[in-house]
Amino acid sequence: MPIVRISLMKGKPEGFGKKVTEVVYGTMVDTINVPPKDNFQVITEHDKESLIYDPDYLNIPRTDGVIFIQITLNEGRTVELKKAFYKTLAERLHQELGVRMEEVFINLVEVKKENWSFGNGIAQYAQ
Amino acid sequence: MPIVRISLMKGKPEGFGKKVTEVVYGTMVDTINVPPKDNFQVITEHDKESLIYDPDYLNIPRTDGVIFIQITLNEGRTVELKKAFYKTLAERLHQELGVRMEEVFINLVEVKKENWSFGNGIAQYAQ
Amino acid sequence: MPIVRISLMKGKPEGFGKKVTEVVYGTMVDTINVPPKDNFQVITEHDKESLIYDPDYLNIPRTDGVIFIQITLNEGRTVELKKAFYKTLAERLHQELGVRMEEVFINLVEVKKENWSFGNGIAQYAQ
Chain A
434 MPIVRISLMK GKPEGFGKKV TEVVYGTMVD TINVPPKDNF QVITEHDKES LIYDPDYLNI
494 PRTDGVIFIQ ITLNEGRTVE LKKAFYKTLA ERLHQELGVR MEEVFINLVE VKKENWSFGN
554 GIAQYAQ
Chain B
434 MPIVRISLMK GKPEGFGKKV TEVVYGTMVD TINVPPKDNF QVITEHDKES LIYDPDYLNI
494 PRTDGVIFIQ ITLNEGRTVE LKKAFYKTLA ERLHQELGVR MEEVFINLVE VKKENWSFGN
554 GIAQYAQ
Chain C
434 MPIVRISLMK GKPEGFGKKV TEVVYGTMVD TINVPPKDNF QVITEHDKES LIYDPDYLNI
494 PRTDGVIFIQ ITLNEGRTVE LKKAFYKTLA ERLHQELGVR MEEVFINLVE VKKENWSFGN
554 GIAQYAQ
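Chains as they are written, first to last, in our numbering: chain A, 434 to 560; chain B, 434 to 560; chain C, 434 to 560.
One should not assume that every hint holds.
Because identical chains cannot be distinguished in the list, a pair is counted as satisfied if it fits within a single copy or across any two copies.
Think about it this way: if two alpha-carbon atoms lie no more than 20 Å apart in a straight line, the pair counts; the simulated DMTMM-like pairs of lysine to aspartate or glutamate are [what the hints assert, rightly or not]:
(1) K481 with E447
(2) K546 with E508
(3) K445 with E482
(4) K451 with D489
(5) K520 with E447
(6) K470 with E513
(7) K451 with D487
(8) K545 with D497
(9) K451 with D497
(10) K443 with D480
(11) K445 with D480
(12) K516 with D497
(13) K481 with E455
(14) K516 with D463
(15) K451 with D463
(16) K470 with D497
(17) K452 with E524
(18) K546 with E447
(19) K443 with D497
(20) K443 with D487
(21) K470 with E482
(22) K546 with D480
Derived by calculation from the structure, the hints in this document are not laboratory data.
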């Protein structure tokens, strides 16, 4: 159910964005009960004029390596689950792809379970 | 009021994305009480590395013909209306544009009616 | 906390999109209590076939100068604050960048305060 939008600065190595999506997907499955195979993501790359970030908001130093990860998903997960997701995602992006943990910007948008159709014109999650 | 974001794989025929927006708009007007002329949409095309989908989540076979349709609109529509929208949209995309119904991925994001300004700096839908 | 997505027609003068982000950021700080430095935005440019708008919905005349501004931010701001934001943003885009006020399309998406991580894998706004 999640649809994930990832925004990166241009100039990353070939395949980098795809690898980010794999880490995001695996972390959603492992920490916030996203079902296996529920993997739908869009990655966009931007030049410096088009991806705006503050370089030290909340005293977190950010560079052009910043990654915006915006995820629309079903409502109802606890704050503890969300925290576990953020922590694991930043750690894995660091360990697996060398991303600085400071660069990982995450935002969740929550919706009702009847707000999805995964194909065939059916609301698969509605009662 | 809706703002629609449509994400497609590159390589579609000239004008295909525009035709998808016309079907989405017409279906919103016909099934979920979107006012005529309330038509605001953004289409983006992506390469294979940048548009990620599972090829059989929920046993629905998807191909590079997949279309992600994410719609931000006012809250309050019933589950029945949403179901009618999904069904009609998938059927029309199939009938009018030859899209496989399995490829039609839809997500709704609901907001309050005061969360829009359609121009002139006014919240046209607020009381 | 806000993440801002700005969608423009291609062909604007060099640096125009960046200037729009500066006006949006300043207006958020001045009118809706967004903290200084909380500035995260993505700008995309589109051709005529990919940025769809109605040229007179609600009797507001729009042209290819239309600007879609979609902002995800924390829930809880009053209708009065939102109205002040829309008014000031449209006025400033007009005064500072020569944008017609009719072209300024704004949408807010509200989320919970625990739905953000600004880096380091921490939910900085959660209790």
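Sort out which numbered hints this structure fails and list those numbers smallest first. Hints 5, 6, 8, 12, 18, 22 contradicted; others consistent.
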